[in-house]
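Student: Listed below are the residues making up each chain.
There are 2 protein chains.
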Amino acid sequence: MTRVLYDLCGVDEDLRFSPFCWRARYALAHKGLEAELRPWRFNDKEILAFADHDKVPVLVDGEAVVTDSYKILQYLDRTYPKAPLIGEGLAAARARFFKHFAERTLAPAMLRTIIMDLLNAIHPDDRGYFRETREKRFGRTLEEFHSPSRGLAQLDAALEPLRGLLKESEFIDGESPAAADYLVFGNFMWARCVSSADLVSNADPVHAWLERMLDLHGGLGRHAKRITDIEGAYR
Amino acid sequence: MTRVLYDLCGVDEDLRFSPFCWRARYALAHKGLEAELRPWRFNDKEILAFADHDKVPVLVDGEAVVTDSYKILQYLDRTYPKAPLIGEGLAAARARFFKHFAERTLAPAMLRTIIMDLLNAIHPDDRGYFRETREKRFGRTLEEFHSPSRGLAQLDAALEPLRGLLKESEFIDGESPAAADYLVFGNFMWARCVSSADLVSNADPVHAWLERMLDLHGGLGRHAKRITDIEGAYR
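So the sequences go chain by chain: A and B. Per full-length UniProt numbering, the very first residue in the first sequence carries number 1; after that it's consecutive. Per full-length UniProt numbering, the very first residue in the second sequence carries number 1; after that it's consecutive.
Please note that the accuracy of each hint is not assured.
Which copy? The list can't say, so a pair holds if one copy fits it or any two copies do.
What the hints assert, rightly or not - For lysine-lysine, the following DSS-like pairs were computed, each having C-alpha atoms within a straight-line distance of at most 30 angstroms:
# : residue 1 : residue 2
1 : K225      : K55
2 : K71       : K31
3 : K71       : K45
4 : K136      : K55
Worth flagging that the hints you see were computed from the coordinates, not collected in a lab. If you're wondering where the values come from, they're calculated on a predicted model, not measured in any experiment.
Chain A on its own, in the form it takes in the complex:
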């Protein structure tokens, strides 16, 4: 196979939790494309030297090398135009909002809730790198940043527009899922793989949508390994 996706792995090689990699995996599945998922860890910078990049996902598709999850979605739409992910014109302009909503609104709220679980899920060799880069970014220790009660309250407020939307339609993108769904759902896969935290009540329309997303593409999300599946790893 000439299609490879470099995918972040954790304490176990089959534990894959990067929200950005999950976007790319769902996007590939949406297009009906297979790819070899090559495990990668934070400290494997030199492995990505060929792509002139230091983060995953990186997609290698024949001759093409594409870095950055959003650019991977754009590349897939350009190269495999059937079943658009981002679409064109107004659709493409609006898709960008969901990227920023996921990264700037949902991710910080989730991170406050799951950061100690996330640290635990990361490979021991990567934990120093993770702690150092994140503590610099937050301006405090991971332990100080960690505040599940505040994180969950933030997340609860942030999901309000999705509740309205998902009462009207099965998916964010309407009757079937596309880029907006995958951009947002990547964050939920991140939390699901590293933590057993209950982020959304089962009476919430967002919960029903999460269940539908987990079932898509042959249960891609539902069958993904979670930290709780690894004996002795969740503490």
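Put chain B on the given structure of chain A with help from the hints.
Tutor: Using the frame of chain A, we list chain B on its own:
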């Protein structure tokens, strides 16, 4: 003229502040359509009996009677397809998010900040109705709900995805504005017309976008009467 938009007015007949009516006014301007703006007050329910509705905006366009701001945008796209507002397919699915984002995320944050100003801007005959319906909805008095410091903090957090987006493009909908811009901007016109509260710092990319929105369509928003323009009305 056979095109009429029923538009909420306040303490002064020329003070027009409904966020939903502002959506409709920008949408009409976007299509290059003129309309007579007929002032309406909360207690003028019988005036809208012909539309079988009790809220504004109501658009009368020849034979057509359209209620609800979002349906007005959809109607305008159907009837005047040039210069799409909502668009079709993925664009239309995604546009709905901005409606819910405006109503469920931005409006509550702004309302906590400006509600006493809003009460003051409403026609004295309408204030009893406004107080009664809103206190029932919030489960507390307007004075208890009013909390500018919390409202501004909520708004600051809520605007985060727009900051990312508006660093990349001039408008939410890309190089030129469309429905997503108008759906969100309606809330800012609401606050602008009734209050002098500074909602967004002038170093914020959202501030620059607000300035562009005010200038659109011949300065439609910029020239709108504000409570501060009415002698003795702002206190």
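Student: Each of the hints needs a verdict: does it hold here or not?
Tutor: Hint by hint, here is what the structure shows:
1. Within a single copy, K225 and K55 get their C-alpha atoms as close as 22 angstroms, which meets the 30 angstroms cut-off; across copies the closest is 51 angstroms, which misses it.
2. In this assembly of identical chains, K71 and K31 lie within 30 angstroms of each other by CA distance solely inside one copy; the values are 15 angstroms within and 33 angstroms between copies.
3. For the identical chains of this complex, K71 and K45 are intra-copy neighbours only, at 20 angstroms inside a copy versus 52 angstroms across copies, given an alpha-carbon limit of 30 angstroms.
4. Within a single copy, K136 and K55 get their C-alpha atoms as close as 18 angstroms, which meets the 30 angstroms cut-off; across copies the closest is 51 angstroms, which misses it.
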